[in-house]
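> Counting from 1, one number per residue, gives the positions in the sequence shown under the numbering used here.
Among the hints, erroneous ones may be present.
Calculated pairs, DSBU-like style, for lysine-lysine (alpha carbon to alpha carbon, straight line, at most 35 Å) [to be verified]:
1) Lys81 / Lys173
2) Lys195 / Lys145
3) Lys145 / Lys175
4) Lys225 / Lys64
5) Lys97 / Lys237
Across the chosen pairs, the derived CB separations fall in these ranges [stated by the list, open to error]:
6) Met172 / Arg142: 28 to 34 Å
7) Arg24 / Ser174: 23 to 29 Å
8) Gly49 / Met172: 33 to 39 Å
9) Asn26 / Glu247: 20 to 26 Å
10) Gly33 / Lys237: 15 to 21 Å
11) Arg142 / Gly121: 36 to 42 Å
Hints are computed from structural coordinates only; laboratory data are not their basis. C-beta: ideal position from N, C-alpha, C; glycine also.
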Amino acid sequence: MCNLYAIMEARAEVARLAKAMTDRNNNQPPMPGVYPDYPAPVIVTTADGSREMRNLRWGMPTSKQALFKAATERADKLRAKGTEFDFNELLKMEPDKGTTNVRNTTNAQGKTNAHWRPWLGAANRCLVPFTSFAEPDQDHERTRKNIWFALDDSRPLAFFAGIWTPHACVRMKSKGWEEIEAYGFLTTDSAEPVKTYHSKAMPVILTTEADRDLWMSGAPWEEVKHLQRPLPDGTLKVVAIGARQDETVPG
Numbered sequence: 001m002c003n004l005y006a007i008m009e010a011r012a013e014v015a016r017l018a019k020a021m022t023d024r025n026n027n028q029p030p031m032p033g034v035y036p037d038y039p040a041p042v043i044v045t046t047a048d049g050s051r052e053m054r055n056l057r058w059g060m061p062t063s064k065q066a067l068f069k070a071a072t073e074r075a076d077k078l079r080a081k082g083t084e085f086d087f088n089e090l091l092k093m094e095p096d097k098g099t100t101n102v103r104n105t106t107n108a109q110g111k112t113n114a115h116w117r118p119w120l121g122a123a124n125r126c127l128v129p130f131t132s133f134a135e136p137d138q139d140h141e142r143t144r145k146n147i148w149f150a151l152d153d154s155r156p157l158a159f160f161a162g163i164w165t166p167h168a169c170v171r172m173k174s175k176g177w178e179e180i181e182a183y184g185f186l187t188t189d190s191a192e193p194v195k196t197y198h199s200k201a202m203p204v205i206l207t208t209e210a211d212r213d214l215w216m217s218g219a220p221w222e223e224v225k226h227l228q229r230p231l232p233d234g235t236l237k238v239v240a241i242g243a244r245q246d247e248t249v250p251g
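All chains, full assembly: derive it from the sequences and hints.
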C-alpha cells in the first residue's frame, strides 16, 4: 500500500503537462512528503470539460460496511459501560480516516465493486502528480524502510490514475464534521523493481499523454479500466532507500 509520495515539480509545470487551464493554489511550494489526509495538488475535470488543478485531501470515503463495523464495536463498549447512546449519531460521527489506495474495482464475479462504482465514471476521474513514491520494504530485507521509486534518477513528473469526490465526514474527532474534497489513486499488481520490496501492489501510473487523455476523457469505465495495470518490469527505478521524504528536485 502506497501511503507516501513526493511532488517536487513546480506547479506551473504540472499544470502544463496535465493540460490544466486553471490552478486554485498556484503559490503552493513543492511537497517532499505527501501523507494520508494531506491536501495535495490533483487535476480534475470541471463541469465545462476543462481541467483544473486544485488541492484535495488524500483518502477516499471508507466503505459503509467498515464504518458500520467500527461503530458497532464502539457501541458494544459503551453498552458494556452502561452509557446511553444514539447509534445513528454514533455511526454518523464514526471517524472516517479515508482510503488512500483503490485496488478492488472489480469483484470476484467480474462486476464493478459497489463501493467504488459511483466514482469510476468520467466526472470523478483525476490525475495525481508525483515525482517519486515510497513503499515499505516488506519482502526484501523486511526492514520496512521507505524504498523510493521514480521513472529515473532525475525524478521526472508522472501521474497516478486517481478518483475524487466531495465528501462530508469526521476525519478526526478533534475537528468534528467536515465537508471536504477527497481523492485516492488506483493500485495494481507490482512490477519490478517494486515487486522485490513490496509484492502486494503498486500505484497505477499513466506514463503517456495518450493514457492520461483517455483516463480524463468522457469514456465510460469499461473503456478505461484496462489502464489499471502494472508498468512493464524495469520502467521504474529505486532512487532512495530509508529517507523519510524525498526532497530531490527534478532536473
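> Taking the earlier hints as the rules, which of them does this structure contradict?
Hint check: nothing fails, all pass.
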